[in-house]
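**Student:** Here are the chains, one letter per residue:
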Amino acid sequence: MSKIETKDVHLHYKDFHALKGVSMAMEPNTVTALIGPSGCGKSTYLRLFNRMNDLIEGVRIEGEVLIDGQNIYKIKKQNIDHLRRNVGMVFQKPNPFPKSIFENIAYGLRVNGITDRDFIEAKVEQSLQQAALWDEVKDKLKKSAFELSGGQQQRLCIARALAIEPSILLMDEPASALDPISTGKIEDLIFELKKDFTIIIVTHNMQQAGRVSDYTAFFYLGNLIEFDTTKKIFTTPAIQETENYISGRFG
Amino acid sequence: MTHLDTELNELKVNIIEMWNLVISQMNKGEEALRTFDRDLAREVVETEKRVNMFDLKIDKDCENIFALFQPVATDLRLILTSLKINNNLERIGDIAASIAEFTLKADRDFNKDILDRTKIFEMYAIAREMLSDTLEAFDKEDTRLARTMFNRDSQLDDLDSRALDVLTQSIAADLDQVRNNLLVMSMVHKLERVGDQTKNIAEEIIFYFEAKVLKHKKRKEKLK
Amino acid sequence: MKFPEKSDRKKRLTQSFMFWIARLISYSIVAILFIILFFIIRQGIDVISWEFLTTAPRDGMTKGGIFPAIVGTFYLVIGSMLFAVPIGVMAGIYVHEYAKSGPVKRFIRIMTDNLAGVPSIIFGLFGMSLFVNQMNFGTSILAGSLTLGLLALPIVIRTTEEALIAVPDQYRHASLALGGTKWYTIRKVVLPIAMPNILTGLILAVGRVSGETAPILFTVAAYFLPKLPSGVFDQCMALPYHLYVISTSGTQIEASRPMAYGTALVLIVIVLIVNLFAAGLRNYLGKKVKMN
Chain L
1 MSKIETKDVH
11 LHYKDFHALK
21 GVSMAMEPNT
31 VTALIGPSGC
41 GKSTYLRLFN
51 RMNDLIEGVR
61 IEGEVLIDGQ
71 NIYKIKKQNI
81 DHLRRNVGMV
91 FQKPNPFPKS
101 IFENIAYGLR
111 VNGITDRDFI
121 EAKVEQSLQQ
131 AALWDEVKDK
141 LKKSAFELSG
151 GQQQRLCIAR
161 ALAIEPSILL
171 MDEPASALDP
181 ISTGKIEDLI
191 FELKKDFTII
201 IVTHNMQQAG
211 RVSDYTAFFY
221 LGNLIEFDTT
231 KKIFTTPAIQ
241 ETENYISGRF
251 G
Chain G
1001 MTHLDTELNE
1011 LKVNIIEMWN
1021 LVISQMNKGE
1031 EALRTFDRDL
1041 AREVVETEKR
1051 VNMFDLKIDK
1061 DCENIFALFQ
1071 PVATDLRLIL
1081 TSLKINNNLE
1091 RIGDIAASIA
1101 EFTLKADRDF
1111 NKDILDRTKI
1121 FEMYAIAREM
1131 LSDTLEAFDK
1141 EDTRLARTMF
1151 NRDSQLDDLD
1161 SRALDVLTQS
1171 IAADLDQVRN
1181 NLLVMSMVHK
1191 LERVGDQTKN
1201 IAEEIIFYFE
1211 AKVLKHKKRK
1221 EKLK
Chain V
2001 MKFPEKSDRK
2011 KRLTQSFMFW
2021 IARLISYSIV
2031 AILFIILFFI
2041 IRQGIDVISW
2051 EFLTTAPRDG
2061 MTKGGIFPAI
2071 VGTFYLVIGS
2081 MLFAVPIGVM
2091 AGIYVHEYAK
2101 SGPVKRFIRI
2111 MTDNLAGVPS
2121 IIFGLFGMSL
2131 FVNQMNFGTS
2141 ILAGSLTLGL
2151 LALPIVIRTT
2161 EEALIAVPDQ
2171 YRHASLALGG
2181 TKWYTIRKVV
2191 LPIAMPNILT
2201 GLILAVGRVS
2211 GETAPILFTV
2221 AAYFLPKLPS
2231 GVFDQCMALP
2241 YHLYVISTSG
2251 TQIEASRPMA
2261 YGTALVLIVI
2271 VLIVNLFAAG
2281 LRNYLGKKVK
2291 MN
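Protein chains in written order, with the working numbering: chain L, 1 to 251; chain G, 1001 to 1224; chain V, 2001 to 2292.
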């Protein structure tokens, strides 16, 4: 059974047909990159898995979205919170809360009703270690998260997502607002994290897709054009549009 | 270690494995010739397929790394170097197999005396050492060791021309041995080619570590 | 490349002319404020004394102080805020965080804006008819507070809404994506971030409420009441109404003129202090939110 699977998913946003029957499956402990020009539906597709599309008014979704074999659009409304605890998300712009570094990570734990101080402290350290940020911040956990650089803030957001132990990590252009060095760090981190998580990453940066992912899906105008191993897509794509896009000869 | 580092490391491991396989092919070929062991010679010919598989795999890996990581600087040179070393190793693998095939084509045991006088085993020894020393130079980033290949290659060239004299004489002297002597001549030529290929590898290694292009320069310049 | 020399001169002159006009206007606004302040201070400073601040008026309001009016205003502000803040903040949260955009939300918003535009004397009349007469509270602190609260309500709703709009969605999304419920997100993330702005709005509402005369005219204000109120059903005096009374309908208007200026000075100082406090609080909380 695949970790994540979509079967003929259509998404309408008011009159706009944003996803036109997307079917694909992702295996556990892999990184899948979603690429394609702006407005192709890749971010919309990503947000299916933690139901963040639900926040937009006028969204209609058809088809099946399965995580561990369960259709997440058939669950009770009050269980969406549980779904989101299992499916972490990192956003395009680093968005730490205006709280201390410590509190940022503890937040997700407190959401889950955890109050044991020792447990929270241990978890904060563990998550920061996992996000390769611990050494840089261990002496200033009480300082505001806003004192960190952009790249550090984004790793803090990753640590925050990891703290609640999701099994899936969604990343929406996680490095697009960062400088090349920070980007490199995030990419190395993704490579490390796939040991423990199933990762889906949206990126505008083709090279990044090549560097971090095992599988690549190319979206265009709401259609899934091609989905294969990243090696295959980047060396011998089967479809001409894919080739044009990855080689920068698009449109 | 970054993702790219991991990939490059794996590539390097593959190349070194292929290298060792080629060295073992050379050794087995020599052994087959020395003991006139047809089974061993056949094994060498068969094992050539494995060398070719390495060649394909390394080519594919390099292609993927180019496509996925867009390597630059040292990383780029390592991949370019790997591609060329791979090419040369594959040729040397071919050579080892052809020598084994020559062994199989002999219509009788080789004349020990001829083999000794052509110094074919000495050539084998030099070629084998060159191969393992370039491997060491590659593995330990030792460009000085790589530079010794130019001299050793000319030793092989000398031995090759001397073997021609020896074989000319013995072909004229002993008509029964003509086929075998021609085969020995071909083997000697092949061993000389191993020297050339290994020298190319040495040039690539120096390019990789020092970013200097040594190809097509005069020998004196190369040695400095 | 050539640079024209003459034609630019005119452009430059027009530009600096407009710039100076704008600067002059903005300076003159500050100047007007200072002139008013200066005028009131000069007229009123002489009567300010400990006695003026702590005793009740005597001798047809030509002597004594304004203590009951200060206390009354204080009660009314507290009372109106107790009513307006919870309701207004909740309404603001509902309108911005929960209500789906559509005719209902638009209607609520239009109504709130209209409520804010209603003249304050209408609030006074409405308060009198509903609280004083219908609900039988009589002219009392309760009726006055509720009326002032109604007046403050649209301000509170609007500032709450504006404060919530100013909270970037990325914080909401971050919290929701971590499995936070909507209410948890609002409580733990959105409100703390919006709090400085909400508080500023509330304090400005306090300033507005403390200066209003019309709404308390028929609902609470006493013409003259030397003793302090003892409960919410008592009448009380209030600074703006007191000022109005002694400058228009006293028995000895001329004699009580200095008292009027003194009252005005106290009122304006209170409003200024409240506003400065609002600014300070916003700065402080703004920093604190970032720090935590």
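Hints should not be assumed to be uniformly reliable.
Using 30 Å as the maximum straight-line C-alpha spacing, the simulated DSS-like pairs for lysine-lysine come out as follows [claimed, not checked]:
no.: 1; chain 1: L; residue 1: K231; chain 2: G; residue 2: K1112
no.: 2; chain 1: V; residue 1: K2002; chain 2: L; residue 2: K14
no.: 3; chain 1: V; residue 1: K2105; chain 2: L; residue 2: K142
no.: 4; chain 1: V; residue 1: K2002; chain 2: L; residue 2: K77
no.: 5; chain 1: V; residue 1: K2063; chain 2: L; residue 2: K77
no.: 6; chain 1: L; residue 1: K140; chain 2: V; residue 2: K2188
A short list of chain V residues far from chain L (calculated; beta carbon distances all over 10 Å) [claimed, not checked]:
no.: 7; residue: F2038
no.: 8; residue: L2176
no.: 9; residue: L2178
no.: 10; residue: V2189
no.: 11; residue: T2213
no.: 12; residue: P2229
no.: 13; residue: Y2244
Computed beta-carbon distance windows for the label pairs [said to hold, decoys possible]:
no.: 14; chain 1: L; residue 1: I114; chain 2: V; residue 2: N2283; range: 47 to 57 Å
no.: 15; chain 1: V; residue 1: L2013; chain 2: L; residue 2: G58; range: 32 to 42 Å
no.: 16; chain 1: V; residue 1: I2165; chain 2: G; residue 2: K1060; range: 25 to 35 Å
no.: 17; chain 1: L; residue 1: G21; chain 2: V; residue 2: Y2284; range: 24 to 34 Å
None of these hints come from the bench; they were simulated from the model.
Even glycine gets a Cβ: it sits at the ideal position worked out from N, Cα and C.
**Student:** Next, verify each hint and record whether it holds.
**Tutor:** The hints, checked one at a time:
For the hint pairing L:K231 with G:K1112, the CA-to-CA distance comes to about 53 Å; that exceeds 30 Å, so the pair is violated. Pair hint V:K2002 plus L:K14 does not hold up; C-alpha atoms about 55 Å apart against a cutoff of 30 Å. Straight-line distance between C-alpha atoms of V:K2105 and L:K142 comes to about 41 Å, which puts the hinted pair past the 30 Å bound. Between the alpha carbons of V:K2002 and L:K77 the distance comes to roughly 69 Å, so the proposed pair goes past 30 Å and is violated.
Only pairs whose Cα atoms come within 30 Å are accepted, and V:K2063 paired with L:K77 is rejected, the gap being roughly 69 Å. Between the alpha carbons of L:K140 and V:K2188 the distance comes to roughly 22 Å, so the proposed pair stays at or under 30 Å and holds. Non-interface status of V:F2038 relative to chain L is upheld: no Cβ of that chain comes within 10 Å, the nearest being about 41 Å off. The beta carbon of V:L2176 is not kept farther than 10 Å from every beta carbon of chain L, the shortest such distance being approximately 7 Å.
Listed as outside the interface, V:L2178 is inconsistent with that label: its C-beta sits roughly 4 Å from the nearest C-beta of chain L, within the 10 Å cut-off. Remark: the non-interface label on V:V2189 conflicts with the geometry, its nearest Cβ contact in chain L lying 6 Å away (cut-off 10 Å). For V:T2213, the condition that its CB be more than 10 Å from all CB atoms of chain L holds, with the nearest at approximately 41 Å. The beta carbon of V:P2229 sits about 43 Å from the closest Cβ of chain L, which is more than 10 Å, so the claim that it is off the interface holds.
No beta-carbon of chain L comes within 10 Å of the beta-carbon of V:Y2244; the shortest separation is about 45 Å. For L:I114 paired with V:N2283, a C-beta distance near 34 Å fails the hint of 47 to 57 Å. A C-beta distance of roughly 54 Å is found between V:L2013 and L:G58, which places it outside the suggested range of 32 to 42 Å. Look at V:I2165 against G:K1060: about 55 Å separates their beta carbons, and that is not inside 25 to 35 Å.
Range check, L:G21 to V:Y2284: Cβ separation about 55 Å, and the 24 to 34 Å hint is violated.
Hints 1, 2, 3, 4, 5, 8, 9, 10, 14, 15, 16, 17 from the list above are not met by this structure, while the remaining hints are.
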